[in-house]
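*Asks:* Produce the entire structure from the sequences given, and follow the hints as far as they go.
2 protein chains.
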Amino acid sequence: MSEIAVVGSVAFDTIETPTGRATDVLGGSATHFAVAARYFAPVHLIAVVGDDFPGAERDYLAGRGIDLAGLEVRPGKTFRWAGRYHEDLNVRDTVALELNVFADFRPRVAPAVRSAAYVFLANIDPRLQADVLAQFEKPALVACDTIGHWIETARQPFEALLPRIDLLVVNDEEARLLSGERNVVRAARKILGLGTRAVLVKRGEYGAILFSPQSVFAVPAYPLEQVFDPTGAGDAFAGGLMGALAASGDRSEAGFRRAIVYGTVLASFIVEDFGGRRLSTLTRDDIERRYREFVALTEF
Amino acid sequence: MSEIAVVGSVAFDTIETPTGRATDVLGGSATHFAVAARYFAPVHLIAVVGDDFPGAERDYLAGRGIDLAGLEVRPGKTFRWAGRYHEDLNVRDTVALELNVFADFRPRVAPAVRSAAYVFLANIDPRLQADVLAQFEKPALVACDTIGHWIETARQPFEALLPRIDLLVVNDEEARLLSGERNVVRAARKILGLGTRAVLVKRGEYGAILFSPQSVFAVPAYPLEQVFDPTGAGDAFAGGLMGALAASGDRSEAGFRRAIVYGTVLASFIVEDFGGRRLSTLTRDDIERRYREFVALTEF
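Keeping their order, the protein sequence lines are chains A and B. Heads up: take any position in the first sequence, counting from 1, add 7, and you land on the numbering used here. Heads up: take any position in the second sequence, counting from 1, add 7, and you land on the numbering used here.
Keep in mind the hints are simulated off the structure, nothing from the lab. Fair warning: there could be bad hints in the mix.
Note that the list lumps identical chains together, so a pair holds whenever it fits in one copy or between two copies.
Stated by the list, open to error - Dumping the calculated DMTMM-like pairs for lysine to aspartate or glutamate here, alpha-carbon to alpha-carbon at most 25 Å:
id	residue 1	residue 2
1	Lys197	Glu279
2	Lys197	Glu94
3	Lys197	Glu232
4	Lys197	Asp95
5	Lys197	Glu300
6	Lys197	Asp280
7	Lys197	Glu260
8	Lys84	Asp100
9	Lys145	Glu166
Fair warning: this is a prediction, and the values are worked out from it, not measured in the lab.
*Replies:* The following block contains the structure:
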């Protein structure tokens, strides 16, 4: 089975939603991705935390079977983020942001990890994404996430990175910002023109669409009675997707589509509780059960 | 093949979108529904127009094979509506509304039409919907549309109608208004509690979800490079859906699902030009081709 490497953030999140509040829960893009992907394949985590990072959290990640050799510990505090979601959970405000040790993060890929076949560049500065990508030998598939902030403030380095990316994962709004197009199909065509081999546009409760030059694949989201906290949904989606690809080794159109459904399934679970809590009790059986429910929900 | 009856409006629409403007194009909920449904099965139109209604428009509808015996002509002017869509095409303002002869519309179902197996109550006053429904003998399937205006101003008669409805067709916003729930799953559960056998929630460019007490079916929309004018999309959706059901006679879960995909396909065509223009050149072959494309777009 192929191995996955993820570079991104490990953080503590304080989250307020219309239904509740959670303080200092384990979060960060690399965390959510790694936990989701680990259901399917070996995962190497490349990130940085402060020397305040509790042993219990480290044990939790290690206990999930995630390789933490690349989790650097530096003097100082771990990255902290606080956000508040609106009644419309698609909208959130950042209330506080303390980069702490993450401000000087210079990801190093250990020799043993450089041969990883699947690389996920979670949301960090695109210059760091480029730098870390160059340290891998010959990945079979590179996927990349970003946020509006980098599109606005580091467009040139971000665009320079795109021809080295197999799959760009963005949401509706980021796709618009990057392309200047409101319509999702035209936005995706323009983004493909920038050099990425495929682009997956995530649309929250409305599902996702995969665009490549050869084809389009649209899936609805799994309909939930309650979305408790959307934090980490995009990273869990990417984790399920990359994990399923690494496990099957099937990067055909059909393999990609099934992997996207696994991504949808993982995203549908993580939003059922604050931060990554839901994943802490989630089993592989739960995932397979919901995958089958998803088939039943969409087949015609 | 079963016959379909639709009661609703025939109107002239003046439409402004970010990409253009069209004046006095043939519109109205019953018009768009009837043209869409007629690709599949015989359709009886029950509506009213003024004595200004041009012979050419009448000929167009008759030429499509729609039974116009129930199209009453009254002294006065035909219903006129003018609307303006925002950059976000999900939002529109009504600029002008002249009910004209439609203000006194009292739909009468001719004896020959009372045996129709499929009845669509397009958006009109729910008291009229109830009244017209009572004139049918024993329809196999009754579907019903509405708008926020009736939910707000005629909730009691509308709710009284629901236990007589097999399929309520609403959009996201109407589902919220009717149920008081923001989440689409909880909204649908509450609406089912009001007595309709099933509820289809249309979500524009994001697709649709069918809820019944036994199952849920989610479909994305057909992704279009340009949505030219959303007017009539909901009615064309309902027309494709009811048409396909009437043609197949298959009201099983599987039959419903295929019919919903036909609805999706018809909606995807009508938005490609102003009002119902696109349907004037659309062939059944075009519909089947896009149905197959839709299968390819969604299968995994």
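*Asks:* If you test the structure against every hint from before, which numbers come out violated?
*Replies:* No hint contradicted; all consistent.
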